[in-house]
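Produce the entire structure from the sequences given, and follow the hints as far as they go.
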Amino acid sequence: MNYSTSPSALGFDNPVFDATATFRTVLEAMSRPATIQSIRHVPDAPSGIGPATAAVLLALADMDTPVWLAPEVASDTLRTYLHFHAGCPVTDAPEAAVFALLGRESDLGVIDKLAIGSAEYPDRSATVIIDCESLSSDPGQNFTGPGIKDTASFDIPGFPPAIWYLVDRNQALFPLGLDWIFTAGSQLAALPRTSKRGS
Amino acid sequence: MALDSSPGDPSRKNWMGILARASETDLENFWQLHGQEEDYDFLRRPEIGLVMVQGRAGGTGGRFNLGEMTVTRCSVRLSDGTVGHAYIAGRNQRHAELAAAFDALLQNPERQEEIEDTVITPLQKRHQQGRDDRSKKAAATKVDFYTMVRGED
Numbered sequence: 038m039n040y041s042t043s044p045s046a047l048g049f050d051n052p053v054f055d056a057t058a059t060f061r062t063v064l065e066a067m068s069r070p071a072t073i074q075s076i077r078h079v080p081d082a083p084s085g086i087g088p089a090t091a092a093v094l095l096a097l098a099d100m101d102t103p104v105w106l107a108p109e110v111a112s113d114t115l116r117t118y119l120h121f122h123a124g125c126p127v128t129d130a131p132e133a134a135v136f137a138l139l140g141r142e143s144d145l146g147v148i149d150k151l152a153i154g155s156a157e158y159p160d161r162s163a164t165v166i167i168d169c170e171s172l173s174s175d176p177g178q179n180f181t182g183p184g185i186k187d188t189a190s191f192d193i194p195g196f197p198p199a200i201w202y203l204v205d206r207n208q209a210l211f212p213l214g215l216d217w218i219f220t221a222g223s224q225l226a227a228l229p230r231t232s233k234r235g236s
Numbered sequence: 032m033a034l035d036s037s038p039g040d041p042s043r044k045n046w047m048g049i050l051a052r053a054s055e056t057d058l059e060n061f062w063q064l065h066g067q068e069e070d071y072d073f074l075r076r077p078e079i080g081l082v083m084v085q086g087r088a089g090g091t092g093g094r095f096n097l098g099e100m101t102v103t104r105c106s107v108r109l110s111d112g113t114v115g116h117a118y119i120a121g122r123n124q125r126h127a128e129l130a131a132a133f134d135a136l137l138q139n140p141e142r143q144e145e146i147e148d149t150v151i152t153p154l155q156k157r158h159q160q161g162r163d164d165r166s167k168k169a170a171a172t173k174v175d176f177y178t179m180v181r182g183e184d
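Going down the list, the protein sequences come from chains U and X.
According to the working numbering, the first sequence is numbered sequentially starting from 38.
According to the working numbering, the second sequence is numbered sequentially starting from 32.
Hint data in this document are derived by calculation from the structure and do not stem from the laboratory.
The structure presented is a predicted model; accordingly, all values stated were derived computationally and were not measured.
From chain X, some residues computed to sit far from chain U (all C-beta separations above 10 Å):
| no. | residue |
| --- | --- |
| 1 | S54 |
| 2 | W62 |
| 3 | Q67 |
| 4 | D70 |
| 5 | M83 |
| 6 | V84 |
| 7 | G90 |
| 8 | T91 |
| 9 | L97 |
| 10 | G98 |
| 11 | P140 |
| 12 | Q143 |
| 13 | E147 |
| 14 | T149 |
| 15 | K168 |
| 16 | V174 |
FRET-style restraints, in silico, Cβ to Cβ:
| no. | chain 1 | residue 1 | chain 2 | residue 2 | range |
| --- | --- | --- | --- | --- | --- |
| 17 | U | G124 | X | E144 | 34 to 40 Å |
| 18 | X | L81 | U | D149 | 38 to 44 Å |
| 19 | U | G124 | X | G93 | 25 to 31 Å |
| 20 | U | D101 | X | G86 | 24 to 30 Å |
| 21 | U | E170 | X | M83 | 43 to 49 Å |
| 22 | U | A130 | X | P140 | 38 to 44 Å |
| 23 | U | G235 | X | N96 | 55 to 61 Å |
| 24 | X | G80 | U | L145 | 38 to 44 Å |
| 25 | X | G80 | U | A156 | 35 to 41 Å |
| 26 | X | G80 | U | R77 | 23 to 29 Å |
| 27 | X | T101 | U | D101 | 22 to 28 Å |
Every residue, glycine too, gets a C-beta built ideally from N, C-alpha and C.
Following this line, the structure appears as structure tokens:
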């Protein structure tokens, strides 16, 4: 791969503390599934992805975590940005990815190709990051499971409902399966594989 | 030494090497004179790390790890979007910052010649002078062991 090594967008203002704070926010989102969290210190995001998506990738991706980018978001700008600021490999093979980044218009078919882990190592699975238009906590989809007291409501306005079918099917694979992070602007919400969608 | 470059070589590799070997004080003075009005953002703030230095026995043998050395790197972006990088030996963060800023300035065709003449060439001369002085001092202590030749009589 041959691309310029100088990104046009800046990374975190304070790489150590901002990445730690973002990690904490992702941890909070994963521990309290379907709640919307805000990332306080977002980096200057390259065009095509939101600030929260950029923050999550900069905080979590490194040289040991191949990232797969959906064709709609994969630009040279983004590759250069990740290469420079996160130092992570960008892979063309979804099955090799530790993180998969999808946009709001991406084909969800690729979800089936991502690693779901094995019975011995369920942790060797991918995390899906979906860059959405907006997130909503209005009654939409209801979730139950570890980290949710009664039920939690969460919805992604304007996103293809097919995603919920994929979330259900993924949940049935437990203890294997994918974990989901939905981002919009500087907000994010997560659905670990344990969260079950109610009626 | 392969690292040593000829005076007036306008390549980026050359000026980055000279900036990395200059002293922070010199760079600071030159920046006051030539870069004061430039504004820059940090693409990567100065950060200190280790790199493994490798050598070859006799310069031609197999590679071996000589040891780790401390390196500081920095990348800045000027207001016109030009990006400059610097990797310097040691832990001097301001040095890395200034070297990166000069690297960015030197990529601007309008300023390149001016900076080459007023900053890079003097720094190169100063560096060469230091090397020569040290070589002379070392050469003066040379001892010829001709009396040690064995197998005579």
